[in-house]
Amino acid sequence: MLSTERGWTDWRSKCRRLLRRGTLRAGQEQPWLLNGFLMAVEFLTILPVRARPGPLVAAAGYFPLVGALIGLASVAFWNLASPWMPVNLLALLLLLLWTVLNGGLHDDGLADCFDAFPAGRDREEILRILRDSRIGAFGALSLVFSLLLRWQSLVSIRADYLPGILIASQVLPRLGMIWLAFASGGASPGMGSSFADALRPRHYWGASAAAIAVLIPLAGWPALWAAAVCAAVIALLRPYFRHKLGGITGDCLGAANQLQEAAILMLGAIL
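Numbering-wise, the working numbering puts 224 at position 224 of the sequence shown, and it's gapless, one number per residue.
Please note: incorrect hints may appear among the correct ones.
[What the hints assert, rightly or not] Ranges of calculated distance between the beta carbons of each label pair, as one might list FRET restraints:
id, residue 1, residue 2, range
1, Ala140, Phe77, 22 to 32 Å
2, Ala73, Trp221, 16 to 26 Å
3, Pro189, Ala140, 24 to 34 Å
4, Leu271, Phe145, 17 to 27 Å
5, Met85, Leu271, 21 to 31 Å
6, Pro201, Leu271, 42 to 52 Å
7, Phe145, Ser82, 39 to 49 Å
8, Asn79, Ala119, 35 to 45 Å
9, Met85, Ala119, 35 to 45 Å
10, Pro201, Ala73, 41 to 51 Å
11, Ala76, Ile216, 33 to 43 Å
Hints listed in this document are in silico derivations from the structure and should not be mistaken for laboratory results.
Every residue, glycine too, gets a C-beta built ideally from N, C-alpha and C.
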């Protein structure tokens, strides 16, 4: 393993402290905002919101809505910046925006999984490597190839498909995390496993309804192909994680998010 510490959690906390002024709070100050939505925003992004404390599962149905906000911001950023810069630079800046918004949360899971699963000889060793804060060669390579794959896919998407693909790439992977967690259950003590074990059908169907509600008007028919691609990714990951760990961890969910996002962008590039 390389000696460099990731420090994703510390970085997210520092960003939140910098943005804390003007924080949006749930409760009496903002009675029109649902606390579950604020919990989802607080967990999935570094945006300065404060939800009332509660189980993360209460936010599950709002995961796709957070993705929709990121997708809409991505479309706006692309449309505003595209007249002023080449598409290669624009695509790279968009990927940077995504990474900053989610605080590197999903990239951390991707790197952890690519370190742990190839190297771990059994369940306990895989879990030990997943808990290790250092990054190894496979983890570093996974981040590099994820960036390159998504970057080159973004620059290859047709202009008329781009808005729908951008929105679908942020909505569906967050729904896919709910699918995977609900279908797999938890593998070990931790936030991801506790989240998975607490999910019930109402959370799964609520998240699915939220995704459909935003994708039909905002993404159009490319979302149908993207949903099929995400379903295929989840169908491959679930038995693999179940076989190796007996369930999922938070890192597994982060890796699933990144793999689905890359798959959707690749789909957009070949449509």
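How the hints compare with the structure:
{"no.": "1", "hint": "Ala140 - Phe77: 22 to 32 Å", "in the structure": "holds, 28 Å"}
{"no.": "2", "hint": "Ala73 - Trp221: 16 to 26 Å", "in the structure": "holds, 22 Å"}
{"no.": "3", "hint": "Pro189 - Ala140: 24 to 34 Å", "in the structure": "holds, 27 Å"}
{"no.": "4", "hint": "Leu271 - Phe145: 17 to 27 Å", "in the structure": "holds, 22 Å"}
{"no.": "5", "hint": "Met85 - Leu271: 21 to 31 Å", "in the structure": "holds, 24 Å"}
{"no.": "6", "hint": "Pro201 - Leu271: 42 to 52 Å", "in the structure": "violated, 33 Å"}
{"no.": "7", "hint": "Phe145 - Ser82: 39 to 49 Å", "in the structure": "violated, 26 Å"}
{"no.": "8", "hint": "Asn79 - Ala119: 35 to 45 Å", "in the structure": "holds, 43 Å"}
{"no.": "9", "hint": "Met85 - Ala119: 35 to 45 Å", "in the structure": "holds, 40 Å"}
{"no.": "10", "hint": "Pro201 - Ala73: 41 to 51 Å", "in the structure": "violated, 31 Å"}
{"no.": "11", "hint": "Ala76 - Ile216: 33 to 43 Å", "in the structure": "violated, 20 Å"}
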